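Taken in sequence, the protein lines are chains A and B. So for the first sequence, our numbering puts the first residue at 1; every next one is plus one. So for the second sequence, our numbering puts the first residue at 1; every next one is plus one.
These aren't lab readings, by the way, just hints derived from the structure by calculation. The structure displayed is predicted, hence computed values, not measured ones. Incorrect hints may have been included.
What the hints assert, rightly or not - Straight-line Cα separation of at most 25 Å, BS3-like style, residue types lysine-lysine; simulated pairs: (1) K43/A - K262/B; (2) K208/A - K166/A; (3) K63/B - K262/B; (4) K217/A - K161/A; (5) K140/A - K63/B; (6) K163/A - K63/B; (7) K166/A - K225/B; (8) K208/A - K140/A; (9) K63/B - K160/B; (10) K140/A - K161/A; (11) K166/A - K217/A.
The chain contents come next:
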Amino acid sequence: MEIPANAAATARVKIDMGIPAQNPEPQTPARIQIEGLNFFYGKMQALHNISLVIPANRITALIGPSGCGKSTLIRTINRMHETVRIARAEGTILLDNEDIFRLDVVRLRRRVGMVFQRPNPFPKSIFENVAFGLRVNGFKGSLSEAVERSLRRAALWDEVKDKLHKSAYELSGGQQQRLCIARALAVDPEVLLLDEPCSALDPVTTAKIEELLFNLKEYCTMVIVTHNMQQAARSSDFTAFMLDGRVVEYQPTARLFTNPSDPRTEAYLTGRFG
Amino acid sequence: MATIPIAPDSAGPALASRSLARRLVSGDQVAHLFTLIFAASVILITSLLFYELWINSALSRAKFGWAFFYTQNWDPIFEQFGARPFIYGTLVTSALALLIAVPFGLGAAIFLAELAPAKISDALTFVIELLAAVPSVIYGLLGIFLVVPFVREILGPALKKTFGFTPLFTGPVYGVSYLTAGLVLAIMVAPYIISVSREVLMAVPNDQREAALSLGSTRWEATWKVVVPYARTGILGSIFLALARALGETMAVTMVIGNVPKVDLSLLAPGYTIAAVIANEFSEAAGNLYFSALVELGLVLFLLTFILNGLARLLIYATTQRGAANP
Numbered sequence: 001m002e003i004p005a006n007a008a009a010t011a012r013v014k015i016d017m018g019i020p021a022q023n024p025e026p027q028t029p030a031r032i033q034i035e036g037l038n039f040f041y042g043k044m045q046a047l048h049n050i051s052l053v054i055p056a057n058r059i060t061a062l063i064g065p066s067g068c069g070k071s072t073l074i075r076t077i078n079r080m081h082e083t084v085r086i087a088r089a090e091g092t093i094l095l096d097n098e099d100i101f102r103l104d105v106v107r108l109r110r111r112v113g114m115v116f117q118r119p120n121p122f123p124k125s126i127f128e129n130v131a132f133g134l135r136v137n138g139f140k141g142s143l144s145e146a147v148e149r150s151l152r153r154a155a156l157w158d159e160v161k162d163k164l165h166k167s168a169y170e171l172s173g174g175q176q177q178r179l180c181i182a183r184a185l186a187v188d189p190e191v192l193l194l195d196e197p198c199s200a201l202d203p204v205t206t207a208k209i210e211e212l213l214f215n216l217k218e219y220c221t222m223v224i225v226t227h228n229m230q231q232a233a234r235s236s237d238f239t240a241f242m243l244d245g246r247v248v249e250y251q252p253t254a255r256l257f258t259n260p261s262d263p264r265t266e267a268y269l270t271g272r273f274g
Numbered sequence: 001m002a003t004i005p006i007a008p009d010s011a012g013p014a015l016a017s018r019s020l021a022r023r024l025v026s027g028d029q030v031a032h033l034f035t036l037i038f039a040a041s042v043i044l045i046t047s048l049l050f051y052e053l054w055i056n057s058a059l060s061r062a063k064f065g066w067a068f069f070y071t072q073n074w075d076p077i078f079e080q081f082g083a084r085p086f087i088y089g090t091l092v093t094s095a096l097a098l099l100i101a102v103p104f105g106l107g108a109a110i111f112l113a114e115l116a117p118a119k120i121s122d123a124l125t126f127v128i129e130l131l132a133a134v135p136s137v138i139y140g141l142l143g144i145f146l147v148v149p150f151v152r153e154i155l156g157p158a159l160k161k162t163f164g165f166t167p168l169f170t171g172p173v174y175g176v177s178y179l180t181a182g183l184v185l186a187i188m189v190a191p192y193i194i195s196v197s198r199e200v201l202m203a204v205p206n207d208q209r210e211a212a213l214s215l216g217s218t219r220w221e222a223t224w225k226v227v228v229p230y231a232r233t234g235i236l237g238s239i240f241l242a243l244a245r246a247l248g249e250t251m252a253v254t255m256v257i258g259n260v261p262k263v264d265l266s267l268l269a270p271g272y273t274i275a276a277v278i279a280n281e282f283s284e285a286a287g288n289l290y291f292s293a294l295v296e297l298g299l300v301l302f303l304l305t306f307i308l309n310g311l312a313r314l315l316i317y318a319t320t321q322r323g324a325a326n327p
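Next up, chain A with everything else stripped away, as it sits in the complex (with noise of 0.2 Å):
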């Protein structure tokens, strides 16, 4: 039982999944290995046979019709699945090279943010908020330090300095995203996971997240799931198109967008469903 978590990494990489981990950069050391994920709300099958490389301190765009399995993929890097009750998932997700299914799931998710679809602060201070994942996670240090930069790195610090113990209530929808992107960011997860973070949102505001993502590379790792292919084509780096729970095609972003291999993401770029 006892078998390094590399060890038995490795050994799994040699089971043939059908579909090869394909890393889209290779230059670029992967942060997240998705080997032969298979996924299932009880009988029904959501993901199939799923295998993705995720380049270190990229943004890698999911994007598809609804239904195609994007979000339960994005939830299950963090194992966000879990909560509910009939999921399960079969396969290899390596972080770091790490199997997160044998990792303490607190400790992974405490590595891997998350960032939903609408603002969910919380029903405390802006600054409490942002201190949340510190508090829970025993930090030592200076709050207000580690507080005040992940507000700079969300860049909300200037519009929010002033009124740190006012309610998160109180700001817009634009900053409340841009909170709960600060207080994600607060426990410096190398990973971070987007659900559409921007439906909720309107095209200036959508434009201010997008350019805090380009800015956000330097810290992490960023997976963003995006109805918007516009957002998908302007922001990330790499993109993958799934449809009904298979990933058709992933490559870099422009050459997707450009050059798409697949008659199907040809289709579904051009409008043709979804």
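Model the placement of chain B on the given structure of chain A, informed by the hints.
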């Protein structure tokens, strides 16, 4: 006079007269009127209650003045009436009930809303709602058969042994006492706290839980630090509902408190509450002053619930202002 060209107004009156009949039939106006009357009756009944209590307690108010509140003599023979033992008994038993029922009820609500599988949660909630509907005299019987002997034989002696050095647990243990009444009340009000708090906890948006989990909190941390604070307004509401019931509970308390009009610091001593004394003595209140004093007790209880409810509102207002959980 009007130089502005308008449509010929001959259509006006005809339309109005026809629509009056039509409006009555179609129901909008009628519904408005009736619902308004029903709503207004709430205020009417409250005013009537207060008026009746005020008028009928005139004799007692004139005779005793403010002293009624702090004297503790209750002597129908010599017509000396003071409300202190009853006010004290009402407040102490209610406080005890909440002290026991709040942690218990909130814990149970958290289990049902956050941890239990849906089937078990629904089944248990059904039973809990049944418990909330059991008549209080049944709880009184439960108190007499179970809680009184339990306090007399087990809990009372044990408390005396451990905490006997405080004035709270001294004196002989009869079984009937403030503590017994508090326990029975706790059993009665817990279902309210459980079922309302459960509903409120279940209404907390799931993305709040997920946000907490995604930051690396355990399930318990997510519940205790995010879900419960989010729901705190509703939880406080359930507690005040429980308090209102505890303050006014008559039958069950009368059966287990001992009905002794004395203020005793010891929780093991028998006492009395406002509701209990009114129920027990109203039918045999000979003499106008005696009657009037009992009505004034009713007035006190009325005001007490009024004030506590007002404070509850203030508390809810203050806490939502700060956190603004429900914008």
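Taking the hints in turn, this is what the structure says about them:
The hinted pair formed by K43/A and K262/B fails the criterion: a straight-line CA distance of about 68 Å is larger than 25 Å. Distance restraint check for K208/A and K166/A: the Cα-Cα separation of roughly 23 Å lies within the 25 Å cut-off, and the hinted pair is therefore satisfied. Taking the CA atoms of K63/B and K262/B, the gap is about 21 Å. The hint holds against a cut of 25 Å. Proposed proximity of K217/A and K161/A is supported: the alpha carbons are some 24 Å apart, at most 25 Å.
Distance check on the hinted pair: K140/A and K63/B sit about 67 Å apart at the alpha-carbon level, beyond 25 Å; violated. Our distance criterion of 25 Å between C-alpha atoms is broken by K163/A and K63/B, whose separation comes to about 58 Å. About 18 Å separates the Cα atoms of K166/A and K225/B, which keeps this hinted pair within 25 Å; it holds. Distance check on the hinted pair: K208/A and K140/A sit about 32 Å apart at the alpha-carbon level, beyond 25 Å; violated.
Our distance criterion of 25 Å between C-alpha atoms is broken by K63/B and K160/B, whose separation comes to about 41 Å. The straight-line distance between the Cα atoms of K140/A and K161/A is roughly 22 Å, inside the 25 Å bound, and the hint therefore holds. Among the hinted pairs, K166/A with K217/A is inconsistent with the structure: their alpha-carbon atoms are about 30 Å apart, more than 25 Å.
Violated hints for the displayed structure, listed by number in ascending order: 1, 5, 6, 8, 9 and 11.
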